[in-house]
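Q: Chain by chain, the residues:
There are 2 protein chains.
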Amino acid sequence: MSSHPPSIRKLIDQFNKLPGIGPKTAEKFVFYLLSQPKSDLAELGQAVSHLKDKITTCSICQNFAESDPCDICRDKTRNSQIICVVATSSDIPAIEKTGVFRGLYHVLGGVINSVDGIKPQDLTMKKLVTRIESKDVKEVILALNPTIEGESTALFLSKLLHKYKLKITRLAQGLPTGSAIEYADEITLQNALKGRQPF
Amino acid sequence: MSSHPPSIRKLIDQFNKLPGIGPKTAEKFVFYLLSQPKSDLAELGQAVSHLKDKITTCSICQNFAESDPCDICRDKTRNSQIICVVATSSDIPAIEKTGVFRGLYHVLGGVINSVDGIKPQDLTMKKLVTRIESKDVKEVILALNPTIEGESTALFLSKLLHKYKLKITRLAQGLPTGSAIEYADEITLQNALKGRQPF
Chain V
4 MSSHPPSIRK
14 LIDQFNKLPG
24 IGPKTAEKFV
34 FYLLSQPKSD
44 LAELGQAVSH
54 LKDKITTCSI
64 CQNFAESDPC
74 DICRDKTRNS
84 QIICVVATSS
94 DIPAIEKTGV
104 FRGLYHVLGG
114 VINSVDGIKP
124 QDLTMKKLVT
134 RIESKDVKEV
144 ILALNPTIEG
154 ESTALFLSKL
164 LHKYKLKITR
174 LAQGLPTGSA
184 IEYADEITLQ
194 NALKGRQPF
Chain X
4 MSSHPPSIRK
14 LIDQFNKLPG
24 IGPKTAEKFV
34 FYLLSQPKSD
44 LAELGQAVSH
54 LKDKITTCSI
64 CQNFAESDPC
74 DICRDKTRNS
84 QIICVVATSS
94 DIPAIEKTGV
104 FRGLYHVLGG
114 VINSVDGIKP
124 QDLTMKKLVT
134 RIESKDVKEV
144 ILALNPTIEG
154 ESTALFLSKL
164 LHKYKLKITR
174 LAQGLPTGSA
184 IEYADEITLQ
194 NALKGRQPF
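So the sequence lines, in the order shown, correspond to chains V and X.
According to this note's numbering, the first sequence is numbered sequentially starting from 4.
According to this note's numbering, the second sequence is numbered sequentially starting from 4.
All clues given are correct.
No copy labels: a pair is met if it fits in one copy or bridges any two.
Straight line, CA to CA, 27 angstroms or less: simulated DSS-like cross-link-like pairs of lysine-lysine:
hint	residue 1	residue 2
1	Lys100	Lys31
2	Lys57	Lys31
3	Lys100	Lys13
4	Lys41	Lys122
5	Lys100	Lys20
6	Lys130	Lys141
7	Lys79	Lys168
8	Lys57	Lys41
9	Lys170	Lys197
10	Lys55	Lys41
11	Lys13	Lys41
12	Lys170	Lys130
13	Lys41	Lys130
14	Lys170	Lys122
15	Lys27	Lys13
16	Lys130	Lys31
17	Lys100	Lys170
18	Lys55	Lys20
19	Lys122	Lys31
20	Lys27	Lys100
21	Lys55	Lys100
22	Lys197	Lys141
23	Lys27	Lys57
24	Lys79	Lys141
25	Lys31	Lys13
It should be emphasised that the hints constitute simulated quantities derived from the structure, not laboratory data.
Given the sequences, and given the hints that come with them, work out the whole structure.
A: Laid out in structure tokens, this is it:
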């Protein structure tokens, strides 16, 4: 039995659906919101309700954007000859923050995953091929997670793009900054050895 | 530099204000919401915007409610001679779930905390005294967290209510269910020994 009034219970149930949020945290959110001024609630409510109103998908890179083409694809100062392929939109801010990549992106919309039934045709691979065929692309960076699914998707893509005259690269695997060799797992250390660089 | 479109960035910033939510989790929420149908977003947005529209404070127990008096205070089957004093509204569902308490509540609205500058007059103590003076209350249970602030608030209240003819009790402190004596901290074990019960 819950002793919460219906409107509180309803919002708890809805927050509970957010990824990684259990009923206790959802409850904490609602009580936090109850302590905020009505105007703040209205603002948050509006932002949630209208989130998708302005958001579209960039027809070039398939990233979420408020304009089509998106800001990155329209940016003439960026190098359109390099495409960095990522699984999801949320990978892009992480790469942008590094400040070392000034090419364009392509969002696959996921990775091949037989357990979840995600097949190559569910991803935006065809659109990537069209981009490569129609534009002068010199390099494709496969920036996919170093997981089974990420690796096999990268392998699939590298075979698919094999016939085009372009460099296919992938992100380096090795020791993360600040880590200890002593505690590194075998595969990370194997990759760090295999990918060793001239000093 | 963030490469998110403004409407995404705005909602990330707002989720970021929720207790315990950092920018990465806030971003995860937004990308989750982007994957949901517009109707679900509208529903969540509405629930947030209108959260406080229906919610009022029960004039008797000071709990959040959709009616005044609240469902608990209006419930004639409950024992109005026992008042369980809690710090916040979110303590009530936990106690209700136990199913062993059938009295009424009183929400203090916090605990005395010199660091945060919360003084007795910031809490609903006066209203508790008025309840005790005007109704036939036999017992007050001080259900406050076993922390420095909770304990000192309980001590303050017990002195304040001393002059009234009523039983003042507090929740038992001891070993939590399923725990191991071996790993119990000293104070918990001290309390478990002091509060030992006839078998």
